[in-house]
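J.: Going down the list, the protein sequences come from chains B and Z.
Each residue of the first sequence is one higher than the one before, starting from 1 at the first, in my numbering.
Each residue of the second sequence is one higher than the one before, starting from 1 at the first, in my numbering.
Calculated from the structure, these hints are not laboratory results.
There could be a bad hint or two in this list.
What the hints assert, rightly or not - To be clear about the criterion: a stretch of chain Z counts as covered by chain B if any three or more of its residues have a C-beta under 8 Å from a C-beta of chain B, and this derived list gives those stretches:
1. 38–46
2. 81–94
3. 183–197
4. 240–254
To be verified - In silico SDA-like pairs for lysine to any residue, Cα to Cα no more than 20 Å straight-line:
5. K244(Z) <-> A329(B)
6. K280(Z) <-> R301(B)
7. K280(Z) <-> R333(B)
8. K244(Z) <-> R297(B)
9. K244(Z) <-> R304(B)
10. K244(Z) <-> T296(B)
11. K280(Z) <-> T296(B)
12. K244(Z) <-> A326(B)
13. K280(Z) <-> R330(B)
To be verified - A few chain B residues that don't get close to chain Z, going by computed Cβ distances all over 10 Å:
14. A59
15. R83
16. L194
17. R254
18. R301
19. L361
20. A374
Every residue gets a Cβ at the ideal spot worked out from N, C-alpha and C, and that includes glycine.
What follows is the residue order along each chain.
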Amino acid sequence: MTARGGQLDQHAGALVDNVLRFGRVLRAAGLDVHHGRMLDALRAIERVGVARRTDVRAALCCLLVHRHEDLARFDEAFDLFFRARSESAGGLPLFSLGERPRVVANPAAGTAVTIELGEHDANSSAESSRAVGAYSAVEVSRTKDFGEFTPAELDRARQLLARLPWRLGMRRTRRWRRTPAGALDLRRVLRRNLLRGGELVDLPRRTRRAVPRPFVLIADVSGSMDRYSRMLVHFLYGLSEHGRRVESFVFATRLTRVTRGLARGGGTAAIGRLMREVNDWGGGTRIGDALRTFNTRWARRVMRHGPVVLIVSDGWDRGDPARLAAEVARLHRQCHRLIWLNPLLGSSSYEPLTRGMQAALRHVDDFLPAHNLASLEQLARHLNAIGTL
Amino acid sequence: MGGDALVLPASVDELQTLLEREQYIADRSLAVSIFLALTLQRPLFLEGEAGVGKTEVAKVLAAALRTQLIRLQCYEGLDISHAVYEWNYSRQLLEIRLIETAETLDRTSAARELFTEAFLVKRPLLRAVEQARVRPPVLLIDEIDRADEEFEGYLLELLSDFQITIPELGTIRAPRPPVVVITSNRTREVHDALKRRCVYAWIDYPDFDKEHRIVSAKVPRLSARLAEQVTAFVQDLRTVDLYKASGISETLDWAAALVALNREVLDVDVVNETIGLLLKNQEDIEAVRGERMQAIVARALARGAGQTEP
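So that you can see chain B by itself, here it is in the shape it has in the complex (with noise of 0.2 Å):
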């Protein structure tokens, strides 16, 4: 902005200082604000005007805020910085506030339980940085429980899972493509035979495009779980590596969402930012409630598309069987495949007696263990097998 002098400029200057300040706390904050749009943010300001607060805050939100997620964080904000600007003449609580790595300051940091998957916790980062120079001395028997492994072979086993071919079935679309048989694409019909004086000699044809299915995954990592739920999340990771479109969620007392948290990249850093964001670890069970949020919450959002739903837990469950088993039931409506992963299965003693899940197991397509590699192995090619249904 170029400066024109004059006291009313001198405002103006100010206004756009702000405003460009603001931005950068925001973006501080962990929202995508473009840098193009404050271009746009300073025009808007320009024609709605600096009378009315409530009109400053709609023209800066509808600017640099496009996900719903983001409007609380941005709220918070918006009355952090305006009021530090407003009560202070001078500019120092605003760059102390522009340096600030984030406004909303993460409650569950201090407190969470740090899960480090592979890593047990009280090793020196010496001894981890062995293990991950001596990975192939490690030999990781298939069928060796997971509750069983030691931190080496828990990263052996999480190398191989990420080398599994994770192929979940396809979904034909509405879209065509162009392919040797199938249905005259009578575009290209007309196209290609013009030419020819209108003859029909060339007949081009068109079928269907097939596309993955998508895949929501929702993993218990209640107590019960907690032995596995290490491998769980390499699993989620190691899907969602895979480009499949994935939506993941965990649960025990409380549903969360950590499709972001995988999706915003960086393998076992993502995983560490997920364990911090994901307080619930390791808390009671109460899987028809979670599933009930699932429900009502999410479902709508992503359950498109005719998805593989893949519910990893061991059934025990603190909540009312018979909520359990509606919401199953539910949620079986809703997808293409519902599987249930049980860890517990494993075990040849184990019956799945608890009534929760003996009430949910009639909504539920395939009933498999998860409880070793070899499980994992047998789940990879049995969602192969599902192919396009």
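Take the given structure of chain B and dock chain Z to it, following the hints.
T.: Just chain Z now, with coordinates in the frame of chain B:
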């Protein structure tokens, strides 16, 4: 290029009056968003639950700006041939036969004659760009979350320069962009790249006052008392944990139904008979049947009788 330009409101206040004249009651923040979309010539991206009046914004804008509304309803697999244009194959084939019988067939001229506007089926996006040369229309791209990513990509391109290229005909360009309103029910995340180009507004369920004003304004022959009861009931119902809460459009349907049934006050029976207009989900209906329903009706009656509850 000639054609009319739209007369845009000069301030947020003016826009709000314009909307209210069309019986659309908008929050101040929504009004600011619409105002900015108009003045900055950006698409307006409206997100919110089904039935909170997103589509209505486009309709009302078209009426308020006295221009045409062109609507593209999105669905899965929506492609260029349904969104932009398609050639009328059967007519083309027929034409070939006609040329043949007239024995005047000449290959190069046939291609020219067959791919002219007469054989073009114009779909909403092409119509919007064409219409914009005369007078910018309101282009409503409804429920974009139902379309797939390929279409989003195409839309992104169209929204940046408002020109459409038909290989056989050439490029059609809109000198002034249409007013674009995109709605999403958020059944999936729309790509950020698209949203970033838009003015984004989230429309929430209305509070009591707003919904009461909407119901009173939009449902003819609705008594003041019933309007209050209906609003109170619906507001209360939204606090119940349901799979699908009812939107404003459901409230309006329900209120109209009560008027049609000549009801002056709510009671449990009539609510039971007409609940299907509010809740479209068997589990949800079961969940509120019985005592819960009685309690909600009782509270609604108390409110309608003037004993306002917090």
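J.: Next step is simple, just say for each hint if it's right about the structure.
T.: How the hints compare with the structure:
| no. | hint | result |
| --- | --- | --- |
| 1 | 38–46 | holds (count 4) |
| 2 | 81–94 | holds (count 6) |
| 3 | 183–197 | holds (count 8) |
| 4 | 240–254 | holds (count 4) |
| 5 | K244(Z) <-> A329(B) | holds, 17 Å |
| 6 | K280(Z) <-> R301(B) | holds, 18 Å |
| 7 | K280(Z) <-> R333(B) | holds, 16 Å |
| 8 | K244(Z) <-> R297(B) | holds, 9 Å |
| 9 | K244(Z) <-> R304(B) | holds, 16 Å |
| 10 | K244(Z) <-> T296(B) | holds, 7 Å |
| 11 | K280(Z) <-> T296(B) | holds, 14 Å |
| 12 | K244(Z) <-> A326(B) | holds, 16 Å |
| 13 | K280(Z) <-> R330(B) | holds, 15 Å |
| 14 | A59 | violated, 5 Å |
| 15 | R83 | holds, 19 Å |
| 16 | L194 | violated, 5 Å |
| 17 | R254 | holds, 14 Å |
| 18 | R301 | violated, 6 Å |
| 19 | L361 | holds, 20 Å |
| 20 | A374 | holds, 35 Å |
Of the hints listed earlier, those the structure fails to meet are numbers 14, 16, 18, in rising order.
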